[in-house]
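S.K.: Can you build the whole structure from these sequences, using the hints too?
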Amino acid sequence: METNVIEVNAVLDIMWIMIAGILVFFMQSGFTLVESGFTRSKNVINIVMKNFVDLAVGSLAFWFIGYTLMYGESIGSFIGTPSLFYNVREDMHNLFFQTVFCATAATIVSGAVAERTKFTTYVIFSLIMTTLIYPISGHWVWQGDGWLTKLGFIDFAGSTVVHSVGGWAALVGAILVGPRIGKYTEGKSNAIPGHNMMFGALGVFILWLGWFGFNAGSELAISGESSFNAAGIIITTNLAAAAGAVTALALTWIRYGKPEVSMTLNGALAGLVGITAGCAAVSPGGAAIIGVLSGLTVVFSIEFIDKTLKIDDPVGAISVHGVCGALGTLLVGVFATDGGLLYGGGFGQLGVQAIGVVGIGAWALITSFIVLFILKKTLGLRVTKEEEIEGLDMHEHDGAAYPDFTIDR
Amino acid sequence: METNVIEVNAVLDIMWIMIAGILVFFMQSGFTLVESGFTRSKNVINIVMKNFVDLAVGSLAFWFIGYTLMYGESIGSFIGTPSLFYNVREDMHNLFFQTVFCATAATIVSGAVAERTKFTTYVIFSLIMTTLIYPISGHWVWQGDGWLTKLGFIDFAGSTVVHSVGGWAALVGAILVGPRIGKYTEGKSNAIPGHNMMFGALGVFILWLGWFGFNAGSELAISGESSFNAAGIIITTNLAAAAGAVTALALTWIRYGKPEVSMTLNGALAGLVGITAGCAAVSPGGAAIIGVLSGLTVVFSIEFIDKTLKIDDPVGAISVHGVCGALGTLLVGVFATDGGLLYGGGFGQLGVQAIGVVGIGAWALITSFIVLFILKKTLGLRVTKEEEIEGLDMHEHDGAAYPDFTIDR
Amino acid sequence: METNVIEVNAVLDIMWIMIAGILVFFMQSGFTLVESGFTRSKNVINIVMKNFVDLAVGSLAFWFIGYTLMYGESIGSFIGTPSLFYNVREDMHNLFFQTVFCATAATIVSGAVAERTKFTTYVIFSLIMTTLIYPISGHWVWQGDGWLTKLGFIDFAGSTVVHSVGGWAALVGAILVGPRIGKYTEGKSNAIPGHNMMFGALGVFILWLGWFGFNAGSELAISGESSFNAAGIIITTNLAAAAGAVTALALTWIRYGKPEVSMTLNGALAGLVGITAGCAAVSPGGAAIIGVLSGLTVVFSIEFIDKTLKIDDPVGAISVHGVCGALGTLLVGVFATDGGLLYGGGFGQLGVQAIGVVGIGAWALITSFIVLFILKKTLGLRVTKEEEIEGLDMHEHDGAAYPDFTIDR
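Protein chains in written order, with the UniProt record's numbering: chain H, 1 to 409; chain X, 1 to 409; chain S, 1 to 409.
No wet-lab data here; the hints were simulated from the structure.
Remember, it's a predicted structure, so these values are computed and weren't measured experimentally.
Fair warning: there could be bad hints in the mix.
For identical chains, the list gives no copy identity; a pair is met inside one copy or between any two copies.
To be verified - Straight-line Cα separation of at most 16 Å, EDC-like style, residue types lysine to aspartate or glutamate; simulated pairs:
1. K183 x E388
2. K150 x E73
3. K258 x E387
4. K258 x D398
5. K150 x E387
6. K307 x E186
7. K310 x E186
8. K258 x D91
M.R.: Shown next as structure tokens:
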């Protein structure tokens, strides 16, 4: 009998992880919708292809080697022992869950380099991201014997492991590939509005939805007490997203005179990224505050990166995933009900969080710089001027996303 | 051992409620798609923002006070005892499930007042709806000690508690804000076709999908016999939707000479709203008949409200949610296999259902009238003529949803 | 106690089947998006209506009689004993799961005959498909006593039972209704690009997502060992889709000089259709190879059917569902770890698979030919030239999908 009950708990956990993984899988379409909605109609096919490649190549690559590099027996707390073509019957649900996480990290980069990057180059980078860059730093935190785990670093569902890694790679990509033609003229930043706000909104709804799987699935169990944990995570996740959206809405209303849609949508995403590290460690109130801080941060960060640094990030991926990912990871050290500064935990946890943010940040920046710099000097990162102006869809893929409609630009 | 088995059942129930809640969450994007698809392209951003606000503000407000006003210990069978910032670890799954229900009620109003309502005013109304109007009447039926519960009123998943409340508030809103410019000229009603029927259809598919969570999740359990109940509910829900769609399709084919898409889509929604009250109480056959009656009703009701009453409801929200919500609630008194008129139950249950429909209807009409009337006399409900003609996106949000495309109107 | 534990397992299984069914339900919107995205903007409403009818009519028809014709007590291993208005409380989850499968089979036909078929005729065909054609051949394989089951035929989730049946009916439909005006001129095949590649991509994402329910739900259980089986199926499903997409992408890159989006999307679908029969019988590696072979096959098959046979299939449904469905079913005889050719199983299983493919193929071809031929000679299959040129939306449904936008064609 005892055995049977244990079996039931195992079934519950496997089922939960599969369902959560399916929700995270859905996020891939959310990213595609946001990225295409926030950019121009002449580059939609290219964006679809990039996101599709992230998922397809990522699925194959992570199964081929990525998963064991991340979760295999630790070599020096730095990297897992690789084994090819992972096939352990009792662990397939985890392979699936981690595969869709990996695809997410890769896809973040796509938005920041949108509308001017060569498809070939992107495919190669995506492959390296999913086989090497993401699995190795992931190993540090989630395998159990990584050096950051040993330090006590907390990143429950991946504000840093997934989002910042993607965000910093996006930063490197955006700098190396350079701004879109017409984005900065006479020292001024020109807005290039996205072509379909309904796609953008639908994408954010889907991402918010998928995030319930992303965060609550990262409990990696549902049996026993885990059921309460998972439900708590769904609430912290939802409140942070809501608070991020309302904050960004209010802030743009105050600053620009009108409530702005793309910032509001990004505010929700910022709240989601921000809560990801601490979703299981903070109270609902803490989650709401993290959402507010993320919503404020994303607006100022997008402005700063765009107008001051003059780095062209069409969808705000660097701010949403990189900056708010780092912020959220640090805030665990403040708001964690067990160990956070506000709960009498001292600066210890905050310090560990900072080490993790900096360590993984450096890893992502350096490795993606090496890869993208080599690609720039060899294949080239960027399409030609003519191709960029006429659109990547026509030149990279020989098609048009909306051939029936009269297009103005 | 006994304890362990009970624990497993509790886990199953929590898991089911979370999954159902996630499905209901998804409905928010369905509402946004339907509302934007059924209206003009110049107001898409505004519609996105309103629905987003319903979700974000609703999530915060319901957590802040709404949930305990609805489910707190009953004060005189009328209202729950409020407590702020709800945070009971063992009940977070219920908070989530009820939060997404609340957001649904608020969002119904959005469609009826689309294309001419001030954003500021809408945000304030949404806040009052989610903190006060919806939770109080909800308390009457779902808290367990409410006066309608005590009478024996049956509204399993909210034909009245959610949909009619939203629908009657929508009616008040549509009357007070008045018809769109150009809708009624020389005593004639002019059709203003929606700008994207694929969005409308995708929205209805998503709503239909989410409704499985809405209705079957309202079982609030899955363990033991509840699993059969939930499966039965999924069938009654699906059959009513299918019957509603086919009926509206056939009726428009007969009446207008051609099968009409927006009525067919609304027919499915009407069937879904209609079955919501009785989804656990009627047989599959009863569900199909409720679907047919809802499908018939929605077509005539939309015509009547539009052409006879000359109330401008761009998406048919009053008919779908208000009228069919009331109808479905009443039909429980006819088709419930335990207590319905057709099963020898006499007029007793039907009478109780009528009391609930009228009581909650009066509550929703009166409270939303008070709120919206005050808003009309102070902030104003409506944008200026110029703003309406040029579109709310440009004037309320300083943007355009589709800047790449040539727009005809 | 023992009873209680068994009950928990039953609940788990019912819950899993419901969740999987909801995912399969979602596929209906995926089909609608792909079909409308891959065709012209003037026929969107018609496509929405057809897919909606497949779901609505199919839900009613399968409940009315289809389910028992398929799963009722076997009459001569050929057909189930029908009983009307199925209502067995303990089996409603299975009714739901099989209903959404049935709707899928019907909807496959829609794409192949898109943009020129009479709505009336389509509705009648869809009704016959869901009440007779699909349930009967389904009985042969899935009821337990069917003649193909007795032979040892393996089609775990329906490469043949669902997809090939739909695909061969689509072939008959496309031939009988004839090519679209302008598709073939002077012996040359002209490309008619789809009107919205983002819809196409979103549709494929949703189909891929829903397929996890389609395949892993076909385990029809999750308790005990089934949890490992289901997780394994999710991995084989995901790898085959990924391999199909990457293969089609690479092949079009090589053949056409550029990576082509619609072929890449169809490559993923081909991999999904291909793995459906063997998802529970092959290893992850076998799944990846089946994906590669399906991705290769779909590109050549689409070219062959279009350019050589000159059969106009706007979305590639015949190749994706018919050809890759047959291929995947046959490949079970090669890659099944228990009984496949590569695992020392000899030609036995492969032979049985071939019998099933041919037997069900003949059934689908002959029955749909009879039905569609009679419809052609009576009601007619095709709209008039004028209606086709101006679009089915205007003529069949008196509307336009995008009235705000300037349409070029």
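S.K.: If a hint holds in the structure, say so; if it does not, say that too.
M.R.: Status of each hint after checking the structure:
Taking the shortest alpha-carbon separations for K183 and E388, only the intra-copy value of 12 Å comes in at or below 16 Å, while the best inter-copy value is 31 Å. For the homomeric pair K150 and E73, the shortest alpha-carbon distance inside one copy (15 Å) is at most 16 Å, but the shortest distance between copies (46 Å) is not. For a Cα distance limit of 16 Å, the shortest separation of K258 from E387 across copies, 14 Å, qualifies, whereas the shortest one inside one copy, 35 Å, does not. Only between protomers do K258 and D398 lie at most 16 Å apart by alpha-carbon distance; the minimum there is 7 Å, versus 39 Å within a single protomer.
Taking identical chains as interchangeable, the C-alpha atoms of K150 and E387 are never at most 16 Å apart, the minima being 49 Å within one chain and 59 Å between chains. Taking the shortest alpha-carbon separations for K307 and E186, only the intra-copy value of 12 Å comes in at or below 16 Å, while the best inter-copy value is 52 Å. In this homomeric assembly, K310 and E186 come within 16 Å of each other (Cα to Cα) only inside a single copy, at 12 Å, whereas the closest approach across copies is 54 Å. Taking the closest pair of Cα atoms, K258 and D91 never come within 16 Å of each other, the shortest separation being 50 Å inside a single copy and 38 Å across copies.
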